[in-house]
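**Student:** Here the structure of chain P is known, so what remains is to put chain A in place on it, guided by the hints.
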Amino acid sequence: MRPGPPSGGGEPAASRRPALHASTPPAGGPPGLAARIVELGEELRGEGVAIGTSELLDAFAVLPEVSWTDPPAFREALAATLAKSQDDRRVFDLVFDRFFFRAAELQAVHEGIGEGGGIDAEGAELNLEALREAIAEALREGAEGRMRDLARLAIAAFGRRGEGSGVIGVDVQRIRRALGLRGEPQLDLPPSDARREGMPRDAVRRFEQLLRAELERAQIERTEALPPARPLNDLDRALPSGPLQDLAAVHRVVAQLKRRLKTQGHESRGRKRHAHVDFRATMRASLQTGGVPVQLKYRPTRPRRPEIFVLCDVSTSVTSASVFFLSVLHALHDSFRKMRSFVFIERISEVTDVFERERDFKAVSDAIGRDAGVADISGYTDYGRVWTEFRSLVEDELHPRATVIVLGDARTNGRDPRADVFAQVAQKAGRTFWLNPEPRLYWNYGDSVIASYERFCHAFECWTTQQLEDFVRALAQPVAQGR
Amino acid sequence: MAAAPSSVADVADGLRAVGYLPSDATSLVAYLAAKLGKPVLVEGPAGVGKTELAKALARYLDRDLVRLQCYEGLDEAKALYEWNYRKQLLRIQAEGGDAGWDDVQGDIFGEEFLLQRPLMTAIAASDPVVLLIDEIDKTDQEFEAMLLELLSDFQISIPELGRVRARTQPVVLLTSNNSRELTEALKRRCLYLWLDYPSLEHELQIVRLHTPQLDDRVARRLVEVVAMVRDLDLKKPPSIAESIDWARALLLLGAQDIDRQTFVETLSIIVKHRTDLDVVAERVGVKLAARAA
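So the sequences go chain by chain: P and A. Per this note's numbering, residue 1 is the first one in the first sequence, and the count goes up by one each step. Per this note's numbering, residue 1 is the first one in the second sequence, and the count goes up by one each step.
No wet-lab data here; the hints were simulated from the structure. Just so you know, these numbers come straight off a predicted model, no measurement behind them. Virtual Cβ for every residue (Gly too), placed ideally from N, Cα, C. Do not rely on the hints blindly, as some may be mistaken.
[Claimed, not checked] Residues from chain A that face chain P, not an exhaustive set, calculated with beta carbons under 7 Å:
{"id": "1", "residue": "A25"}
{"id": "2", "residue": "L36"}
{"id": "3", "residue": "R188"}
[To be verified] Some chain A residues close to chain P (C-beta under 7 Å, calculated; not the full set):
{"id": "4", "residue": "L28"}
{"id": "5", "residue": "V29"}
{"id": "6", "residue": "L32"}
{"id": "7", "residue": "K35"}
{"id": "8", "residue": "K187"}
{"id": "9", "residue": "L191"}
{"id": "10", "residue": "Y192"}
{"id": "11", "residue": "W194"}
One chain only, chain P, in its complex shape (with noise of 0.2 Å):
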């Protein structure tokens, strides 16, 4: 096998020549690693890690400290100089491995070195059953390089079947379906196999890896270059995580929102239009000329902040958005105070004064969840009556600016949607935001009926943090007087 990182010799025709090229090379390192640096430096801003001039100076001043002939110093000392957070790191350490193994491989492509197709496939004797459980016992024990290893065999192995599909990710999850590796504890299985009780889901992970890897090097070999790189998506960025991160992650959003409210609305304040004059203050300012009101002191005009009605759908259907969905709403209720919130499923529920009562975000979804006395006789959401209720509840106080938020993903299960009503309530408000946790590809499939309800209000998809900043933005100018 050849070394990850880094390659050495002579340099290949890169596209990009970096203006830092090997003229200072760190003592010790092959000729042309600084210049490796600097590219991977540039791939890392590519993706979206601060990095500054600095940072790669730190990188080349630890350089000569380590031997960069052992991956896993050089990979840390790079690390620590490079990445300043846990999520850079992350970012850092799927950019590394990208990085290296594509300036090997072209490398290799480069000098004409070739690995003749892997593995002997005909030569070895594949045994499917002994090769899943001995990958299953590698996976079990976290072996690194067994797993490599066995990574390889179970392309070769199925690489004879045939089966081959020549997308790369769909012959991943073939040759992981095959081999029978699943998170979830599989208790039709022999007590003795090891998949037994459930393959701990990081090796799954590492393992798809490295098939990924084996993979794309066969291929790179096969057609001796390289295919265009594959810039991270969301789902590589995003942290291997339960729920609970994700909570995190959707309070440190939500606690940034509450400041960013907090300083909102301000900018308004001292337009003159709507100004009165402060008695008062005017006659106080004469006294400075002897009586004279030369200066006009105006009253300061108070932002105005709008009255949020917030409906919250609690139903099954969007168990996962829910808890994102009250952990707004709870920022929302710091921020303003003519706030009412609803939640609903089948029917409608008043929660305001659960909001007012408690300050703990804990301690309020618990009392939802508890005493919010959620009619909830199907589990089934019924926007119709939801509507009804919801008119008849706020009729009277539903005002131009007003500003009604819903948030849901408008699957009625088959029921009428009622978007008449639905019409009058937003006329009644200045403005109608719907907040949807779909992504706007389902909308309008299946029983998503948000086409009915979108042409009386903004509809949002807003299942990522980023896209909740965005409507908060709208949802914090200025209400429009009238509609």
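**Tutor:** Okay, now just chain A, sitting in the frame of chain P:
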């Protein structure tokens, strides 16, 4: 005074010798910090040994540890230096009326009247020290900005005295619990080290190091249970220090195994929130009983 470390393995051995078991990344970064004289920003959850790392480094390098505990509202007077007003006043009064203005003015702003606070102490020390700036995320951004001069140039500007340069190069560690995002400017000047809860084997070694008399089987069981507890959604997951405390308690009680009874009785050593206690007793207690059966 111990010589500067010459390799990563040196640092790892040295830290181990003073009772701190570093991970590979930890010893590498510690080595780089000592070698390059760059500050290290150590982040991680509470109780994974961030502060302990600084103490161990001080012991290993045989240097004094200067510690600045940060809190909200910490200001220059508490962190850098302060003029000793009382002494200055006494000086003026002792002088009487016959001394000229210039004499007194020059006098009372001398080093004699300077009260050194931790950062100043670390800079002015004649022997190199280890400076620990603990929980930097608790301070305000203004304080961070003030640290920048110290961290990049190891100097402090005092308006009345001029610049005070470091006589010796301290090893600087900053710790943060990640309760607030630190500024880019600060991060830029530091090496970065993320400390997480240790792996099972690593924690087992740590527990063994601190309680060598504890039965091996119990020790292994203990770290397994602690790992289980950390997986739950708790207000405060147990730290390494609490695992060690628990090990000591079990040793004292002469426990032969961690069964349900022992666990519930000693639970309060590792879990310190009322709501957490309920969750843990329910979730982990049940598992233990199931194992015993």
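**Student:** For every hint, state whether the structure bears it out.
**Tutor:** Results of checking the hints against the structure:
Interface hint status for A25 (chain A): upheld, as the beta-carbon distance to the closest one in chain P is roughly 5 Å, under 7 Å. Because the closest C-beta pair between L36 (chain A) and chain P is about 6 Å apart, less than 7 Å, the hint holds. The beta carbon of R188 (chain A) comes within 5 Å of a beta carbon in chain P, closer than 7 Å, and the hint placing it at the interface holds. For L28 (chain A), the interface hint holds, the least distance from its beta-carbon to any beta-carbon of chain P being 5 Å, beneath 7 Å.
Given the 7 Å rule on beta carbons, the hint for V29 (chain A) holds: about 5 Å separates it from the nearest Cβ of chain P. Nearest Cβ of chain P to the Cβ of L32 (chain A): about 5 Å, under the 7 Å cut. The hint holds. For K35 (chain A), the shortest C-beta to C-beta distance to chain P is roughly 5 Å, which falls under 7 Å, so the interface hint holds. With 7 Å as the threshold, the beta carbon of K187 (chain A) comes within range of chain P, its nearest partner Cβ sitting at about 4 Å, so the hint holds.
Because the beta carbon of L191 (chain A) sits about 5 Å from the nearest beta carbon in chain P, less than 7 Å, this interface hint is met. Interface hint at Y192 (chain A): satisfied, since its Cβ lies 5 Å from the closest Cβ of chain P, which is below the 7 Å cut-off. Using the Cβ-Cβ criterion of 7 Å, the hint placing W194 (chain A) at the interface with chain P is satisfied: the shortest such distance is roughly 5 Å.
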